[in-house]
Amino acid sequence: MKLELGKIKIKDVQFGDVTKVEGNVLYVNAKEIETLVLEDERLISAKVELAKPGESVRIAPVKDVIEPRVKVSGNGGIFPGVISKVQEVGNGRTHALVGANVITCGKIVGFQEGIIDMSGPAAKYCPFCSTYNVCIVIEPAEGLDTHDYEAAGRLAGLKAAARIGEAGRNITPDEVMSYETKPLQEQIKQYPNLPKVGYIHMLQSQGLLHDTYYYGVDAKVMLPTVMYPTEMMDGAIVSGNCVAPCDKVTTFHHLNNPVVEELYKRHGKDLNFVGVILTNENVFLADKERSSDMVAKLAEYMGLDGVLITEEGYGNPDTDLMMNCKKVSQKGIKVVLITDEFPGRDGKSQSLADAVDEADALVSCGNGNVIINFPPMDRVIGTLDYVETMIGGYEGSLKPDGSIEAELQIIIASTIANGYNCLAARGY
Amino acid sequence: MEKKRVVHYINNFFAGIGGEEKADIPPESRPGRIGPGMALAEVLGDKYEVVGTVICGDSYFGENIEVAQEKLLSMIGDFKPDAFVAGPAFNAGRYGVACGTIARAVEQKFSIPVITGMYEENPGVDMFKKDLYIIRTGNSAADMRVAMPKIGALLKRMMEGEEILSPEAEGYIPRGIRVNYFADQNGAARGVEMLVKKMAGEAYVTEYPMPVFDRVDPQPAVKNIKKARIAVVTSGGIVPQGNPDRIESSSATKYGIYSIEGMDMMSPNDFMTIHGGYDRAFVTENPNLVVPLDALRQLEREGEIGELVNYFVTTTGTGTSIGNAKGFGEQFSKKLVEDKVDAVILTST
Amino acid sequence: MVKEIERAGIPVVHMCTVVPISLTIGANRIVPAVGIPYPLGNPLLGEEGSFKIRMKLVKKALKALETEVDGQTVFE
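Chains as they are written, first to last, in my numbering: chain A, 1 to 428; chain B, 1 to 349; chain C, 1 to 76.
Don't read these hints as lab results, they were simulated from the structure. Be a bit skeptical, because a hint or two may be false.
Stated by the list, open to error - In silico SDA-like pairs for lysine to any residue, Cα to Cα no more than 25 Å straight-line: (1) A:K326 with B:R215; (2) A:K348 with B:M199; (3) B:K227 with B:F213; (4) C:K52 with B:D270; (5) A:K297 with B:M199; (6) B:K198 with A:I188; (7) B:K326 with C:K52; (8) B:K197 with A:C422; (9) A:K182 with B:A189; (10) C:K59 with B:K197; (11) C:K52 with A:I188; (12) A:K269 with B:D270; (13) A:K348 with B:G171; (14) A:K348 with B:F182; (15) B:K227 with C:V19; (16) B:K198 with A:D346; (17) A:K269 with B:P174; (18) B:K129 with A:D346.
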């Protein structure tokens, strides 16, 4: 399977009469997007606001972040099984508006939505402070069930991103990347002397605000499966969850998976990247045992020499991470884990809820419990009403002047456990 | 500019008062520097002054910890210190424990930079490394001229409010504290690099060695459950409606104790869940799924258990550090013991 | 928390879904629960069925408290 990804670099975003890309500037027709979002009668209001790097802007509570993309050629469409019809993707050509994002925000569903600051000391922890963001502030119909509200919010963002992505269809990209993974047998033959490497991608699947969808299937009812890495780049996986804000693998991160990117960089040089094993993080112990058994079986079946495993969330998913690590290691396959740490505000406690001896190679994505201070911002997109009940917030977090003192984990994707950021923790 | 005031703690031996036979001397205070304080003053230079030295025998300290600590703190306070140095204690066990104890007490009382030094096998290291900067020293006083410059250098950085660097850079014993930094490469790139090395059988360094969890011996079984007083504790985040104590949804810093007196079950009108780690819909409808009050009341009526204490203890488990959880446990267990609880049912989600 | 209760001299049973975490942190008497969103019961079986499961689990926990153990024990 081979995908050409055309990157159209967006260097500004402005409102316009027509949604289009011209001279690396994204113009957004706000009315068009609002009308599109309000087609869903579960939502009673939608307002588009723009947020640019360096502005004194705070966005909260953020639900998802999505890079606009469009399928130019090849099978299927963006976000198959959710926005486009269910059809295999990952082949052909796709255009991405790199540097632009759709951000959904608005009244909180649970405790798991977070904050993005476009400037100031908190900005450096979040990848979206440096992108041109089209924020959609939504409001649910009165009495709407939380599950329905979550679904409506999720679809609003994906629909808007797909619509905005269309603007890139006929634009000549600034850069075209080519990614290819062949069927297993052929892929192994292509580089017979290099170690065969896979990526075990753990999807959050714990229920309300904790779900992820693969071709529209909720990951919690899915058995572990094998996929081509390029499927992700067309939106085969979308986020329906917020976990703790810091840990959220947003839809942006599924489209731009850093482990996939790195493995392709070294593909054919130090390793042979043969595929991705997709698995879940369920709430029943039997599911955890079954899924990790199957992950190990698939890894063995594919003849892997080494794997990277990434996790989404913390607490009980640490057990899934450790089970995967142990069982895959026992098949004689070398394992490296990527995760983040929660050793308490003083950094003195154990960073993980579970541990196994086999986890002897681990990459840290930082300590999410560290307390940081956010100065007030001139403009708030969404609302700060929920800061103190968000994960990472606490009584007294929101000060009268609009400044915030909270744990780092309140910032979206700040310690994301898939290795997207440079933030790390070390022992002092 | 006024010089910053440093107070130094040493034992009888380093004060030149005598050896083991003098280890029972009580605390005393002297102006200026003594013994290793000379080397300390030299290292600190002109902007800092070792204004006083407090001395105590190791045996006396060990046998009269509270009295010794109180006296020493008062003597140290009289010097109006800006910073405090204890030892270094090298491999002297009792001295190490004394240095750690007094340094931590000074930090807590005066909120000033404190530092000590020890050999890595000194028992004081394990007791205090999480709380204090302990400069790694050799195992005898012969190492003084190497150790003291490191102590002085780090103390100065602490007094000037400079960023304290890694254990390797500063020479202190790793404290086991996880501190954030920005690496040169992102986590995925570092992970792939680590995997390539691991597959090739080359050396690599994990960024987080697996943590060790301590163990406790099980208590003997309850002799007669039909007479036992039972308490329920939960990490499932069940709280009274409105969450009056504002317990966090994740990474909790507090716990609550709430009455269940006169209740036959956990009513959804009275209780809610704030746990941020699971879909709360089911428990919102029926909190007995986490605090099984309905079942326990029935067993109480049937005489299957002695009685249920009239409250439950609760916090949120997800993301809550072991340090916090341990602190909660220590605190509320005192109450459970006072209330003569015979057995505890702890529920987690 | 479970260890501090035990350390204070009170026998304790840990009813939890994710038994591996309980084993890792060091609980001694462990009773596996149903699932994370509903540890004690199963609302999908209706109120009565759910209560039956809860009662069974609580009885199992009491049994565990009455049982001498010399190390970590999972009461399946």
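The hints, checked one at a time:
Proposed proximity of K326 of chain A and R215 of chain B is supported: the alpha carbons are some 22 Å apart, at most 25 Å. Simply put, K348 of chain A and M199 of chain B have alpha-carbon atoms about 32 Å apart, too far for the 25 Å limit, and the pair is violated. For the suggested pair K227 of chain B and F213 of chain B, the alpha carbons sit about 34 Å apart, so the restraint of at most 25 Å is broken. Our distance criterion of 25 Å between C-alpha atoms is met by K52 of chain C and D270 of chain B, whose separation comes to about 23 Å.
Pair hint K297 of chain A plus M199 of chain B holds up; C-alpha atoms about 19 Å apart against a cutoff of 25 Å. Under the criterion of a C-alpha separation no larger than 25 Å, the hint pairing K198 of chain B with I188 of chain A is consistent with the structure, at around 20 Å. In summary, the hint linking K326 of chain B to K52 of chain C is not supported, as the alpha carbons are separated by about 33 Å, beyond the 25 Å threshold. Between K197 of chain B and C422 of chain A the CA atoms are separated by roughly 20 Å; this keeps the pair inside 25 Å, and the hint holds.
The straight-line distance between the Cα atoms of K182 of chain A and A189 of chain B is roughly 23 Å, inside the 25 Å bound, and the hint therefore holds. Distance check on the hinted pair: K59 of chain C and K197 of chain B sit about 52 Å apart at the alpha-carbon level, beyond 25 Å; violated. Distance check on the hinted pair: K52 of chain C and I188 of chain A sit about 54 Å apart at the alpha-carbon level, beyond 25 Å; violated. Only pairs whose Cα atoms come within 25 Å are accepted, and K269 of chain A paired with D270 of chain B is rejected, the gap being roughly 62 Å.
Taking the CA atoms of K348 of chain A and G171 of chain B, the gap is about 19 Å. The hint holds against a cut of 25 Å. With a C-alpha separation of about 20 Å, the suggested pairing of K348 of chain A with F182 of chain B holds against the 25 Å cut-off. Note on K227 of chain B and V19 of chain C: the hinted pairing is violated, with a Cα-Cα distance of about 29 Å set against a maximum of 25 Å. A distance of roughly 32 Å separates the Cα atoms of K198 of chain B and D346 of chain A; the hinted pair therefore is violated under the 25 Å criterion.
Distance restraint check for K269 of chain A and P174 of chain B: the Cα-Cα separation of roughly 37 Å exceeds the 25 Å cut-off, and the hinted pair is therefore not satisfied. Distance check on the hinted pair: K129 of chain B and D346 of chain A sit about 13 Å apart at the alpha-carbon level, within 25 Å; holds.
Comparing the model with each earlier hint shows violations of hints 2, 3, 7, 10, 11, 12, 15, 16, 17; every other hint is respected.
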